[in-house]
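**Q** If you want the building blocks of each chain, they are given just below.
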Amino acid sequence: MVFVVLRRLGVFATTVVVASVVTFLMLSILPGNAARIALGVQATEADVAAQATAMGLDRPAIVRYLDWFGHVLIGDFGTSTVSRQAIGPEITDALGITVILVLTSVVLALLFAIPFGILTAVRQRKLDGAILSGISQIGVAVPGFLAGMLLVTVFAVMLRWLPAGGWVDPGENFGEFALHLILPAIALGSVQGAVLSRYVRSSVLEVMREDFIRTARAKGLGAGRALFRHGLRNAAVPVMTVLGLQIATLLVGAVVIERVFSIPGLGSLLLDKVALRDLPAVQGIVLVLVVFVLALNFLVDLAFTLIDPRLRSAA
Amino acid sequence: MTAIKYETRARRPAGHGGGATLWAGLVLIGLVLLAAVVSVFWTPFDPEGVFSDSILLPPGAKHLLGTDSFGRDVFSSILRGAQISLLVGTVAVGIAAVLGVPFGIVAGMNPGRLDQFMMRGNDISLAFPALLLAIIFGAIFGAGTVTAMVALGIGTAPAFALIARSGTMQIMSREYVQAARASGKNGLFIGLRHVLPNISGMLIVQASVSFGIAVLAEAALSYLGLGTPPPTPSWGRMLQDAQGYLFIEPLLIVWPGIAIAVAVLGFNLLGDGLRDRFDPKMQVKR
Amino acid sequence: EGEPDTSLTVGLLATPGNLDYTTTAGAAIPQALLYNVYEGLVKLNNDGTIIPLLAKSWTISDDGLVYDFLLHDGVTFSDGSPFTAESVKFSLERVKDNWTANGPAYLDPIASIEAVSDTEARITLSKPSNSWLFNMSGPVGTMFTESALADLATAPVGTGPYTVSSFKTGDSLVLAANAEYWGEVPYMTDVTLRYFTDATAQTNALLSGDINLISGISQFQLVDQFKSNTDFQVLEGASTGEVTLSMNNASDAFSDVRVRQAVMYAIDRQAVMDTANSGYGLLIGSMVPPTDPWYDESLADLYPYDPDRATELLAEAGVSDLTVAFKIPNLPYAVAGAQVVKDQLAKVGITADVTALEFPAVWLDDVFSSHDYDMSLIMHSEPRDVNAFAAPTYYAGYDSPAVMAKFAEADAADATTYIELMKEATTTMAEEAAADWLYLQPAISLADADLLGVPKNTPSLALDLSTIAR
Amino acid sequence: MTDSTPTLSVTDLRVGSPFTELLHGISFDIAAGERVGLIGESGSGKSLTATAVMGLLPETLAATGTIRLNGVDADLLTAGERRLNSLRGNTMAMVFQEPMTALNPLMRVGAQVAEIMTVHHTERGRRQARQRAVELLAQVKLPNPAEAALAFPHQLSGGQRQRVMLAMAMANDPQLLLCDEPTTALDVTVQAEVLKLIGNLVTDRGTALLLITHDIAVVAEVCQRVLVMYQGDIVEDGPVGRVLTAPQHPYTQKLIAASDLSSVDDRGRLHTMSMPVVSTPAATPSSPRPIQADATAALTAPPHRAAHQRLEPDGPPVIFNEATGAPAISVRGLSRQYRRRGGGLFTPAPVVHGLREVSFDVAEGQRFGIVGESGSGKSTLMRILCALDQPTSGTVDVLGQSIDGASERQLREFRSQVQIVFQDPMGSLDPRMRVRDIVAEPLRQVSRAEALVRVEAQLAAVGLDADVMHRHPHQFSGGQRQRISIARALITRPRVLVADEAVSALDVSVRAQVLNLLADLVDEYQLTLVFVSHDLGVIRHLCDTVAVISDGRIVECGPTASVYDRPLHPYTQQLVSATPSMDELARRITS
Ligand SMILES: Nc1ncnc2c1ncn2[C@@H]1O[C@H](COP(=O)(O)OP(=O)(O)OP(=O)(O)O)[C@@H](O)[C@H]1O
Ligand SMILES: Nc1ncnc2c1ncn2[C@@H]1O[C@H](COP(=O)(O)OP(=O)(O)OP(=O)(O)O)[C@@H](O)[C@H]1O
Ligand SMILES: [Mg+2]
Ligand SMILES: [Mg+2]
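From first to last, the protein sequence lines are chains A, B, C and D. Sequential numbering from 1 applies to the first sequence in our numbering. Sequential numbering from 1 applies to the second sequence in our numbering. Sequential numbering from 1 applies to the third sequence in our numbering. Sequential numbering from 1 applies to the fourth sequence in our numbering.
Next up, chain A with everything else stripped away, as it sits in the complex:
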């Protein structure tokens, strides 16, 4: 048993190492000279060369990789070439913001998608079901940033009910934090919600056609009760897969909404750091993202195992 756990962790660790190599290689061919960017247009070529040496940019790739990853393993992401601060805290701060944003939006999305998806599935052949389903289809087709732009225009600019953007740490001022979170979370969540509701719908539709629902109805359970008692757990499995993937893509994908709302999240940080060729920071961010996604996959698998006894014991 211990062996199996160790083996799984071993696979996970190997995947992370490979991912780190991929990350490093991909980023090592970024054009642009970080030293020149740091010094600006007035610096001479000699200054730039000296700066490059100081930043350790002239060492062979393998040395740079080992140095970097070795330090990452002990929790040291290195020092940003731009802010000259340890990168770790910068990444954790931004990651925290993005995770809060993404999770809030996903919760909103679920709050919307589950009832909506079930409703559209159950009333599939009715007019109202078709209309609702149409609405969610259109919701899927609207770009997220457009939704964000429109929300800002209406609720922040025209009505002045809510701030147009920015971020306040929850520890600093929770009320303000909540106010600042509402619009971006809705913008991000509405589109995700529309997408998720499609999955909930098809998943519920699928489950509704399962024989065991018919069995439940043959027992005398009404259609609704049969669906709730027997269908939803079964429908949850495919929806969870999608949810896992969505969260994974949203960590970076939220950058569009972060831009619309000027939120200093991880995606924004990545874009800024890439622009400034702050390589240690970029590598750190990408690695954190990758590990996060891999870990998420791992967790989704775990959740499956909990929900579905077929995966728990094979017999």
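FYI, nobody ran anything at the bench for these hints, they're computed from the structure. There could be a bad hint or two in this list.
Mimicking DSBU-like on lysine-lysine, the simulated pairs with C-alpha atoms at most 35 Å apart in a straight line are [claimed, not checked]:
1. C/Lys347 to B/Lys62
2. C/Lys227 to C/Lys168
3. C/Lys347 to C/Lys89
4. C/Lys89 to C/Lys168
5. C/Lys227 to B/Lys62
6. C/Lys127 to C/Lys347
For chain A, the structure is supplied; the task is to place chains B, C and D with the ligands on it using the hints.
**A** The following block gives chains B, C and D with the ligands in isolation, referenced to the frame of chain A:
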């Protein structure tokens, strides 16, 4: 008589499986396709020129949907923009399919170590979503349509691989595959002759849905400045440009918004329709 | 009624990566810190004149080599350490070896620095220089204390009216009034500088009341909505940002002056400004903003829009079917402007292959460092940067020994001759079409209607907050 | 049957989709305590009838007519949903056809059984309901009922799941019990018990029973009356004895004739009810009569032995059917273990024994049958014989070629000499290929033109016209499809033909056709046949030698007649005694 019975059985589901949805999707995509094709040969005005004398005109007889800040006819730009959207969708989905499908099939046909190994590789590529790739590739190769398409393609490939793999595993357990093996056919033959044709239904559904996603992603990338560079009109960039004129000429944001929605909706409906059609459960049960 | 609201939130676009402008380039750090947190001996006034700051007054020897500064008494840095003539000596001597950014070379004319007494500093130049004192008003003239050098990147310590109370990269910089300030304590006691990446988000924040002031809006189509809105004021001033269509004078395409001139005639600068900049800006015709004394407004008409003349010149130069690599930074004004330029060049038969390069990384590499381009479009925002532009090693590749000599002569000349010679040199550059200076970017600030004393012009890199009140 | 009003009364029931009518107005009654069988061709509408009574037709179908239940003052077809809910599971209950999917995979089976009682409040509390569920599971003979109640459906075998369904249906002592093929997944021994159980319920409680099945023997055993459906109509309705012995409708006549595996014509061929459309019967004058292979088949029959007859407990395992000369197939000590995928997060993947230490020979020209319950390892053995799978240990020689560890290249010759016919006629044909390509698939290094000629000839040999070549598999009936797969198997003129449950998916009528065809072809080509089935009757008809597999081991082997008449191993004895035969049936009916 028996044969006739089976024939009607096979045809019947085709008649109504996902019918309305499918048609709605096809009509919308048809519109986009039409715009793309027409704009190759003709647009009312040049969508890439600069017309300093006709800046920001409201919709009217001459300029059906008005003009933008460069004096360009919005209608012409929308037409031409369909080309970019379709191009991005086609290339991205093409790349994703070309990379993902063989990968998934090979993994699915070789359960055990190779499959495990390939799937861990797939996990890693899943961890680099399209947008992340687009940002990195944009920095490496310079932002632009090609970079965006490639990034989207590579980013979507793992999804294709997963679908192809699960489909392949289903097909591999079918007896006709065993029969082919018993006939001495090799893996390549089985993959091409048996597996690929039989999972194509799933793949087409996936392709259609991915197409819609690619159109949306291109818009998002354009918004971030990582998409199609001007003056080539892309719907996403038109949206971004229009953002600055929201209070001056709000309609400017409406047209590309509608265009994107129509295209994405079209592909989603097509995907839904096709899924219903390919889904054996939606069909008459034997 | 009640307590006056003394907090201010300013929306800015470029975010500083850190707070150390001695080693980090870019306008963002000086914009936030210069004159607010850091001070030098002199300051550039909003109208472009040099006024005293930490130096009460100064005298210049007749040969223009010896500057005697009389310093304010009782000035302390925000960490409590005193500011004296020793600080002047320490700070300026440090520049040569420790500064890598923001023009350490500006102080090259200094031969020696001497702390005569606590309040008297004497600086001797190796040769007379008109630009030196001007440069002293910029970042290189900043006074530092030896006790607080460890953490320049995060914890700047200066003598200014504000101190940094918090800094979140990419998000905000919070300044608090310095209670111990030696001069008049500013009206605004809490100032938050919020950084945006998107101009629309910035104006939305102003419209929704999240921020009070936008200094230097970058997308001018967003301005009009504020003009009709009585809740806000629109302040138009001059910047030092010349939007420049640069031509690689050393390239095959543009080494012939006639080809460059053809470009000058081919471009309708007014149309470029109207289309790409919503009509905001000032046609300048040279690399000199009106806040510089040698500004010559007639240069704006040197090359009127005349495509026929352009075609003639091209024919004269024996050029046909010219295709140029037009490498622009991926910045909104450049992307917009390039489309108009490309269109206009096409009308005289020049094909411009536009590529938008990532800015700064790739553009700096390709265009600025490697000179691998024919044409570019970029704003030069540093004050008085025309001399630098004329250097033969500069990316423009403009090589005129005569002009360089004239600049050197001007720097060493007396004040009036200085202006005269500068005017001559810049005029020659314009005539020889060293570049096409399309227009001067306006400095437009948008503010709540009740804000007073918002600086209009931006002659220096700094955003001076000390004058703002309600 | 004191009450004159029947428990169930169906009048003029029509079920249709917007495109076609599927049930054309059927009417029948079932009285209290009456046991009615419903038989008929696959797809004739049996399941539809039952689901219509339950009011659980798929949404896409609509029903008209009247369905009345004794004591309910409403027509079930028009009754409100609330009303129906109170009846379903309580007054009327149904056992559905597919036990694999009819249970909720995420819920313990005990809870699923208990639910039907809590829904109708027939047990006071949740705990009582659980207890009663365990009792019910015991009644349906689930081993270890208390533990089984805590199992999830996937942890039970198909037969066990079917019994769970049955327990559920019986929980509230319904007035009307509808059973749709309740024993298909059960092996004959369990089937007998389950049928007895149903019978008891009906007699004890006066339940009206509708039993749907394709197994006429089952009907004969359980039912009093039988309804025969054919293409959406009830074509015959009468007492079992009458219908089975003197069927009136031509369809019923053919059906009954085809069901009887012991009644053959003068050529030793089964009676079929083939209704030729594209095919001509196998024995057309055009196809050459086979040279009788009897001479070669007349081998010295190896002794009839059973595994438990091993002399010493630890002695060498028995080699069954040991051949004297060079056997066509020689298997020694063959084991195959499967490692199940995944396992839990914290548990290693469990090992499943497919085959354990199997040794036997098959002589050239022998018709070797293998019987055994589901999951006993039959398919595993077949796959290994065809080199589609590798043994974990042991050796396998087929036609002198050693298969274990052989590379695909070494097997090239082997591949054309050993062919396989699979269980599922649809599943074994690639739906996207044309018949011509399917049949030609095993051919190698043959020009296209020649391939076509050979395909045509082969199709003719299995009784299919050349014009079927361009069609796709879905355009054929089950029997025709199985012929296609047989044609594919035979096109390379193999010396060994392995058939894995080649007729179990077919309904009786088609089954007879295919068995005849196989018998013809084996004679004609002098094949060595290895034929797997769980149906003793089929094996008995077709094979000269039979091996019985149970739990991965051969437990008994010998000449078919000998095994059938004098089974040695307890498992075989059970198997034989539980198999209903038509002879017995006739006896019982007439008595
Ligand atoms: N949902 C449906 N929509 C349309 N046709 C259907 C549907 N369900 C079943 N049918 C058709 O109705 C006919 C009768 O089906 P039914 O399931 O009752 O057959 P059956 O007699 O039970 O067959 P089997 O013995 O194979 O179970 C078949 O032709 C089938 O294809
Ligand atoms: N690929 C596999 N992985 C794991 N276990 C398997 C696999 N194939 C078969 N088994 C297991 O091996 C045992 C024998 O299976 P096999 O298919 O040979 O049985 P069978 O006798 O053909 O049954 P049936 O009559 O149901 O077809 C069963 O317990 C089965 O669950
Ligand atoms: Mg049925
Ligand atoms: Mg089997």
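**Q** Next step is simple, just say for each hint if it's right about the structure.
**A** Each hint, compared with the structure:
1. C/Lys347 to B/Lys62: holds, 24 Å
2. C/Lys227 to C/Lys168: holds, 33 Å
3. C/Lys347 to C/Lys89: Answer violated: C/Lys347 to C/Lys89 is near 58 Å, above 35 Å.
4. C/Lys89 to C/Lys168: Since the Cα atoms of C/Lys89 and C/Lys168 sit roughly 33 Å apart, the hinted pair holds (cutoff 35 Å).
5. C/Lys227 to B/Lys62: holds, 30 Å
6. C/Lys127 to C/Lys347: Violated. C/Lys127 to C/Lys347 sits at ~50 Å, over the 35 Å cutoff.
Against the hints set out earlier in the document, violations occur for numbers 3 and 6.
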